[in-house]
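Chemist: Protein chains in written order, with the working numbering: chain U, 1 to 293; chain Y, 294 to 615.
Don't read these hints as lab results, they were simulated from the structure. The reader is advised that the hints may include incorrect statements.
[To be verified] Per label pair, the in silico range of CB-to-CB distance:
#1 P465/Y to A253/U: 32 to 40 Å
#2 P613/Y to D274/U: 49 to 57 Å
#3 D375/Y to A246/U: 57 to 65 Å
#4 G123/U to E470/Y: 38 to 46 Å
[What the hints assert, rightly or not] Derived lysine to aspartate or glutamate pairs resembling EDC-like cross-links, with alpha carbons at most 20 Å apart:
#5 K511/Y to D274/U
#6 K509/Y to E243/U
#7 K404/Y to D351/Y
The C-beta atom is built at its ideal place from N, Cα and C for all residues, glycine as well.
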Amino acid sequence: MARFLTVALTLAALSCAAAGIGRAQTLQRLTVTTFVLGADTSRPQIEVPFHLVVTLNVRERISAVENLELPILAELELLGDERRLEARPSGTQYRETITVVAHHTGSISIAPATLQAIDARDGRAKQYFTNPLTLQVVGGSLEPLQAGESFAGAALDLARRALLWGLGIACVAAVLILALRRRAPPVPPPAVVAVAPARPVVARTLRDELGDALSVLRADPTRATAVTVRAAVWRTVGGSEGETLADVLHRPAAADPRVRDVLRALERAAFTYDADLAAAVPAACAALERYLA
Amino acid sequence: MSVRPATLTAALERTIVGQRGVLDALLLALLCNGHVLLEGPPGLAKTLACRALAAALDGEFKRIQFTPDLLPSDIVGTRVFDQRESAFATVLGPIFANVVLADEINRAPAKVQSALLESMQERQVTIGPQTHPLPDPFVVMATMNPLDSEGTYALPVAQMDRFLMKVNVGYPSRAEELEILERFAMNERRPLHGVATLADVRAWREEARAVHVDEKLKRYIVDLVASTREAGGVRVPAGNGEAVSVASLIDYGASPRATLALAYLARARALLEDRDFALPDDVRAVAPHALRHRIGFNYRLTTQGVAADAAIDALIASVPAP
Numbered sequence: 001m002a003r004f005l006t007v008a009l010t011l012a013a014l015s016c017a018a019a020g021i022g023r024a025q026t027l028q029r030l031t032v033t034t035f036v037l038g039a040d041t042s043r044p045q046i047e048v049p050f051h052l053v054v055t056l057n058v059r060e061r062i063s064a065v066e067n068l069e070l071p072i073l074a075e076l077e078l079l080g081d082e083r084r085l086e087a088r089p090s091g092t093q094y095r096e097t098i099t100v101v102a103h104h105t106g107s108i109s110i111a112p113a114t115l116q117a118i119d120a121r122d123g124r125a126k127q128y129f130t131n132p133l134t135l136q137v138v139g140g141s142l143e144p145l146q147a148g149e150s151f152a153g154a155a156l157d158l159a160r161r162a163l164l165w166g167l168g169i170a171c172v173a174a175v176l177i178l179a180l181r182r183r184a185p186p187v188p189p190p191a192v193v194a195v196a197p198a199r200p201v202v203a204r205t206l207r208d209e210l211g212d213a214l215s216v217l218r219a220d221p222t223r224a225t226a227v228t229v230r231a232a233v234w235r236t237v238g239g240s241e242g243e244t245l246a247d248v249l250h251r252p253a254a255a256d257p258r259v260r261d262v263l264r265a266l267e268r269a270a271f272t273y274d275a276d277l278a279a280a281v282p283a284a285c286a287a288l289e290r291y292l293a
Numbered sequence: 294m295s296v297r298p299a300t301l302t303a304a305l306e307r308t309i310v311g312q313r314g315v316l317d318a319l320l321l322a323l324l325c326n327g328h329v330l331l332e333g334p335p336g337l338a339k340t341l342a343c344r345a346l347a348a349a350l351d352g353e354f355k356r357i358q359f360t361p362d363l364l365p366s367d368i369v370g371t372r373v374f375d376q377r378e379s380a381f382a383t384v385l386g387p388i389f390a391n392v393v394l395a396d397e398i399n400r401a402p403a404k405v406q407s408a409l410l411e412s413m414q415e416r417q418v419t420i421g422p423q424t425h426p427l428p429d430p431f432v433v434m435a436t437m438n439p440l441d442s443e444g445t446y447a448l449p450v451a452q453m454d455r456f457l458m459k460v461n462v463g464y465p466s467r468a469e470e471l472e473i474l475e476r477f478a479m480n481e482r483r484p485l486h487g488v489a490t491l492a493d494v495r496a497w498r499e500e501a502r503a504v505h506v507d508e509k510l511k512r513y514i515v516d517l518v519a520s521t522r523e524a525g526g527v528r529v530p531a532g533n534g535e536a537v538s539v540a541s542l543i544d545y546g547a548s549p550r551a552t553l554a555l556a557y558l559a560r561a562r563a564l565l566e567d568r569d570f571a572l573p574d575d576v577r578a579v580a581p582h583a584l585r586h587r588i589g590f591n592y593r594l595t596t597q598g599v600a601a602d603a604a605i606d607a608l609i610a611s612v613p614a615p
């Protein structure tokens with residue numbers, strides 16, 4: 001079940017990422033002020049749930065956010081997903097909180113979330129990217145002691161953290177007191193606040209998409225995944241819904257022999273008989289690896 | 294290592310210049326145990342293709358020129374009285390061959406056409422009290438000339454449906470025609486012999502039957518055939534440049550036999566490409582040939598100036614491939 005949820009999220013993300021390409025006519029017109037990806041901890045513990053938070057602030061009053069693509073979370077298990085849209089004086093804040101859990105220790109890289117929208121400032125379709133995230137999954141609470149770390153060291157670390165928290169609280173209190181003591185300045189005439197636009201990052205490349213496809217196919221080597229990955233890769237090379245392999249192979253993006261190999265291998269994985277699937281999916285992974293090498 | 298169908302294709306291509314459609318149709322019909330209807334002007338290597346195929350398989354080739362005075366017995370055979378033996382003897386007709394070219398099939402009256410089509414369907418011929426099985430493999434390639442319709446008997450729709458596929462044969466390109474000149478007028482022809490055997494063909498047929506057709510592909514085939522009956526919303530450019538509804542041009546759509554034909558042909562095409570699973574490309578490639586003669590277009594097709602193939606292409610394009 002856990003694996004199913006993980007794969008479902010990754011597939012949804014991959015599918016959405018591919019589907020988003022080439023539908024500028026349905027993009028929302030937005031003034032993006034901030035678009036960030038965060039986590040409630042940079043060092044989550046194994047088997048302990050934590051949260052990833054995607055925050056989007058726009059100047060417009062909107063009732064839904066479209067064309068927002070979540071990052072691929074192939075190495076985490078999805079436990080829940082909560083979305084909240086809040087109207088604010090400065091516009092609207094969209095906040096999506098994804099509850100996940102890690103089952104392995106080590107470093108996890110999470111790709112940026114993306115948003116496709118028409119920039120209300122210049123009327124151009126843009127793709128906005130959040131920051132990527134790198135998390136370090138560590139062992140359970142008893143692990144440092146079990147790993148040989150001394151009790152004294154752990155206590156010292158705790159004391160250091162408490163000191164830092166205390167200093168932080170004191171600084172905040174000092175700033176608040178100073179601010180309250182200052183006379184309020186005269187109200188300035190309303191001025192246009194110059195808000196730096198969120199950085200439109202360069203669109204993801206075919207290489208990125210095929211890399212994601214490889215991760216997904218490796219995580220769940222089934223026919224359903226192969227079919228989804230095939231559709232996503234097709235859209236990435238410019239193919240549209242309802243075309244056949246021959247049509248897609250005529251696309252300029254499919255001119256590279258390695259891409260053609262990938263397309264053919266995915267076609268086999270999507271349509272071959274069940275007994276051949278065990279060979280067809282690894283062959284598709286191998287074709288993807290050859291492209292990425 | 295047995296011979297593969299691709300070897301036969303390559304050998305035939307060395308003999309026939311261009312006309313890949315005719316060669317593919319012949320090989321697909323051979324693998325599906327079906328028959329082909331070819332429509333095109335004379336002189337396009339149809340006879341040569343049939344003869345080359347029979348020779349390449351070391352099989353027997355017969356050509357029957359259909360004329361208005363042809364009799365069913367001229368095709369299937371007859372019984373003659375042998376005066377020396379004082380008994381009737383059976384003389385088998387030219388239909389007893391592996392590859393039969395029924396040239397200008399629409400020039401013979403209905404009962405002759407019917408005799409041929411019954412033999413094609415039953416794969417046996419009854420002459421007097423005896424039933425004679427036809428050889429295996431047995432492929433009939435019937436031709437119709439679209440240019441000269443005077444004195445012809447149109448094939449009834451029910452009989453057209455018995456052909457697995459109908460292929461429109463066009464003129465070769467200039468480059469192909471130059472090669473035809475080079476190969477046949479300037480050089481000596483190298484006849485094909487024994488590229489594969491009739492036993493190989495029977496083995497390939499078994500292989501073709503085992504080619505996997507995925508569920509998604511089956512639904513695609515059914516959707517394609519259904520689109521010929523419910524073509525609402527599909528439009529095609531008419532002669533005056535305006536788009537007309539394809540549904541208004543069709544009296545009746547393809548039968549379930551078309552569904553079966555599409556599946557057989559898709560499997561055979563996959564085998565020709567050395568695959569043991571069919572792809573949407575296989576279905577789409579054979580769809581025009583399997584549907585062309587099974588859709589009943591009405592008079593509006595002509596009055597609106599729409600090409601039948603353009604309407605069929607629009608129908609096929611309207612069904613998204615899986």
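Chemist: Against this structure, judge whether each hint is valid.
Modeler: Results of checking the hints against the structure:
The hinted range of 32 to 40 Å is satisfied by P465/Y and A253/U, whose Cβ atoms lie roughly 34 Å apart. Under the hint 49 to 57 Å, the C-beta atoms of P613/Y and D274/U, about 24 Å apart, miss the expected range. At about 59 Å, the CB distance of D375/Y to A246/U agrees with the hint of 57 to 65 Å. Distance hint check: the CB atoms of G123/U and E470/Y are about 55 Å apart, inconsistent with the given range 38 to 46 Å.
Taken as a hint, the K511/Y and D274/U pair is honoured in the structure, with Cα atoms around 16 Å apart against an allowance of 20 Å. Distance restraint check for K509/Y and E243/U: the Cα-Cα separation of roughly 14 Å lies within the 20 Å cut-off, and the hinted pair is therefore satisfied. With a C-alpha separation of about 32 Å, the suggested pairing of K404/Y with D351/Y is violated against the 20 Å cut-off.
Checked against the numbered hints listed earlier, the structure breaks hints 2, 4, 7; every other hint is satisfied.
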